[in-house]
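Work out the full structure: start from the sequences and follow the hints.
Chains A and B are the protein sequences, given in the same order.
Residue numbering for the first sequence follows numbering that gives the first Met the number 0, starting at 0 and increasing by one per position.
Residue numbering for the second sequence follows numbering that gives the first Met the number 0, starting at 0 and increasing by one per position.
In case anyone wonders, no lab produced these hints; they're calculated from the structure.
Since the structure is predicted, the reported quantities are computational estimates derived from the model, not experimental observations.
From the three backbone atoms N, C-alpha and C, an ideal C-beta is built for every residue, glycine too.
Take the hints with a grain of salt, since some may be wrong.
What the hints assert, rightly or not - Listed below are several chain B residues computed to face chain A (Cβ distance under 10 Å; list not exhaustive): (1) 34; (2) 80; (3) 165; (4) 191; (5) 399; (6) 401; (7) 404; (8) 406; (9) 472; (10) 508; (11) 513.
Unchecked claim - PhoX-like mimics (lysine-lysine), calculated; alpha carbons at most 25 Å apart, straight line: (12) B:435 - A:199; (13) A:169 - B:522; (14) A:135 - A:96.
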Amino acid sequence: MRILIIIASLLLGSTVQAQTGTPVFEVGANGTIATNPALIEPFYDIPKIKTLSYISNNPVRISVGKKDYDIKTGCLEQWDDFGYTFNVITIYSGVQKIFELRQPDNWRYTYGIPRKVSYRQYTDNQYFIPIALSEKAVALAFVGWPYGGDTSYLTIIALTGSDAKLVFNKHMNINAIIRSGNSYSLELQANIVEYGEDGKPFDTPNNVPDIHYLEVKDGLLYFR
Amino acid sequence: MKIVIKLFGIVLLMLVSCTRDPADTRPRNEAPGALSVEEARRFFEDRAERTFQLTRTGIHPRGFRGLNPGEFTPNWEKALSSQYRKLASIDVPIASECRFQAVRSRFRNGEAEIFRVDITQKLVVVKDLATDSLGCYILTLIPDPYYAARHKKTDLCEEFLNAGDKGEFSGVAIYTEPTSGILIRVSRYRNGLKTAGVYVPGPPSERKERIRLAKKLIGSVRIGRTVSVSTRSWGEDDWWWDDDDYDDDYDNDDDDYDDNDISDSWTDLGLGLFEDGCYHQTWLDEDGFGYWVDYDDDGHPDRYIHLLDPDPDDPTNDPPYEPDDDFCPFCGGSPCSCSDPCPICGSDPCSCPEDDSSFNETDNNCAQCGNNPCTCNQDTHKTTAGKLTSAAKKGVEIVTAKYGTVKAYCNQGVREAFHAAFNKELPNVNANELIKHMKNSSEWGKLNVSMSEIQNLANQGHFIVASWVNTSGGSGHVALVVPGEMQGGTWCGEWIALPVVMDTGAECREESQKLSKSFGTNKHSQVEFYIYE
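Written as C-alpha cells, this is what we have:
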C-alpha cells in the first residue's frame, strides 16, 4: 500500500510541476522580489542610451496594497521614435524614482496603433497590461515593437509594496490572453513561423509554433 | 486502495482551489500627471463660467456651419483620457440641446439616393505638455456612410479618442471653439488613419487657403440640426437643414462659399486684428495664436482665448491633401464597388477578387519581359517609381486579403510585389531561402552603397530588397525598398536618414515605413540590400 501511495504521489508531483511551470519570481517576507535570471534576456547593449535624456508620458498610477506607484514611460531624445512607442520605463514612489529600464529598441502602445494588435480589452492604459496577482504583488506586462525576424519582446516588471524589479524579458509574442473566472493566462509564442503562398507553414525544421504559457496561480506568476 | 483514492481526491481538491481570486489592482488613469480629469474640468468650467456670465443666454447656437451644440452638459463621469507625443487629451461625452445629422446624396441609375448619418459631438480638453497650455474644443465627428452603416452600434465617443485610438473611423473630425464656434481644425480619416488635415488658424496670408482646404476635407455634405428644449424628442419634423448644398466644386473662386461659413467673415481691421462677423465680434491676432472675443457686444474685447492645436501630430506633419477621385464614401471602396450586381459573381457589392485596374497597361505588355514599355533591351530590370509604388501597395493588399494582418508573410509580400512589378515569380520559399536565391542568382546583385543611394535607386524604379538572414535557423526577414522620401531614424546607434520600405512581416502590413521599423537594433549591422539587376 505504501508503495502505491508513493508512486501516486510521485506521479502527481511531476504532473503538477509540469502543469504549473517555473515561478517567474518569488516574494520574500518583507516584500523583496527574487528573480529568476534564466527568464531575463538582456537587451541589446548600446551604452550611448544610458546618458540620453527623455520625455515622459502621462503617468499611470498603480496601487499595491496601500502603496501607490506612478508608472511613467518615455521616449529617448535624439533616438528613434515611431510614434505610439517608448523606450524608457520608470517607476516612482512619490517623487522618488525607484526603477528605470531603457532599451535601444521600442516598446509599443497597447492599443491605438493602426494595423497592430490591440490589447485594449485587457488594459485601461496605453502603456502596459496589468496582471493582478495578489494583494501583495502585481505584474506589469510591456509589449515590444514587432520588428521583422523576431517575435516581439515581452517585458514584465513585478511590483510589491516595497520593491520593483524586472522579472521577465524574452522575445515572445502574445498569442492570446485568457481570462476565465479566477484564472488568467497568456499564451506566448517564442518563434516566427513562416508560410507559403497556400497559407500553410513551410515544412522546414523549427517552423512550428514554440508555445509557452504565463499563468497566474495562487498569487504567483508561472512560466512554462 | 480507498486511502489512495482519498489522497488523490484531497490533492486534486487542493489543486483546484489554489487559484484564488486575485485582488483587483487595475491601474487608474487618474494619477496626478500631465492632465487629469479634474484639471480638465476645472479649466473648462472656469472658461465656461466667465463666458456664460458674459453672454447670459448661453452659447450661441450658430458657429461654423451651425455645428455649435448650443447649451451642453459634459458628462465628466465618462471622461476618457489619452495621450500621444506631447499632447494629453480628456474626451468628454456631452448632453446637448442640439442634435445633428449629415446627408450625402448621389444619382444612381437615374435616381437620387440619400444617405443620412448621425453626427457625434463631444468636448475635448487638451494640454500641450511642452508649454502646459490648455484648450477646449467641441469635436464633431461626421462618419462616412459606409462606416456608419457598418458600425451602427459603435459609440463614437469611445471609439475615437482624440490623442489615442481612432478605431476604424472613416469620416471627418471637425474641431470648433465651444464658446465662439470658430473653426479650429479639420482632419479626415480613413479606417482609423488620418489621411489629411489642416489647422485653420495661422498667419492671415495663409488663412484663406487653409479654409479652402478645410472645406475640401469636409466634402459634399448637408448638415441638419434639431433642437430639444425639454422633451428630447427627435422626430423627423424637428429637423432643419442648411439652405446651401455644400458641393465639391472648390476650384471656383471664393464666391461659392456659403454665407454660413467663416471664410468671408473675417475683416482685416489692421494692426494684425481680424474681425469675425460670425456672431460675437472676434479679433484674431496676427500670428493665429489666439483671439479676443467681445462677448457682451459692447465693441470692446472681453477675453483673450489662446488657441492650441487639438491634434497630437505636429501640424506640419498633416498628410497633404491628395484627392482620391476613385474613393467612394458610400461603399468605402477605391474604386467604388457599390455598383449593380456583378455580372460575374452576382453579388452587390461585387465579391470577386479585386481587379487589376492599376495595371491596365498590361494589355500591351511585351510578351517576353511583361513590361509596357518593353524593357528587354535595357541593361537593367528597372521599372518606374510609380509602378514600384503600386506593386508595393499590391503586395500589402494581397497579403492582407489572403492571410490577414497578424502572421509573418514578409516573403509573400515581396513575392507579390515582384510579380506585380515584373510579371515574374520569385521562388515560394521562406525569407532565408529567398535571400539565398538573391545571393546566388545572376539577376540579383548585392548593393554596397550608402542609404541615400539605395533610396535614390528605388526612386528611379529599381527593385531592392532589404534582408536579414537568420543564421541560427530561425526566421529571417525581407522588406522591399519603395520610392519616397528618406526618414530620420537610428541605425547602428547613429541618427541618420533611412530609406523607406514595404513590409508584410508579423503584425506589419505597411506600404511605406522607415527601415528601422522593420529591423531591430541587433540586426542593423547584418542587414544587406539586393537589387534586381
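Status of the hints after comparison with the structure:
{"no.": "1", "hint": "34", "verdict": "holds, 7 Å"}
{"no.": "2", "hint": "80", "verdict": "holds, 7 Å"}
{"no.": "3", "hint": "165", "verdict": "holds, 8 Å"}
{"no.": "4", "hint": "191", "verdict": "holds, 6 Å"}
{"no.": "5", "hint": "399", "verdict": "holds, 9 Å"}
{"no.": "6", "hint": "401", "verdict": "holds, 7 Å"}
{"no.": "7", "hint": "404", "verdict": "holds, 6 Å"}
{"no.": "8", "hint": "406", "verdict": "holds, 6 Å"}
{"no.": "9", "hint": "472", "verdict": "holds, 6 Å"}
{"no.": "10", "hint": "508", "verdict": "holds, 5 Å"}
{"no.": "11", "hint": "513", "verdict": "holds, 8 Å"}
{"no.": "12", "hint": "B:435 - A:199", "verdict": "holds, 21 Å"}
{"no.": "13", "hint": "A:169 - B:522", "verdict": "holds, 17 Å"}
{"no.": "14", "hint": "A:135 - A:96", "verdict": "holds, 20 Å"}
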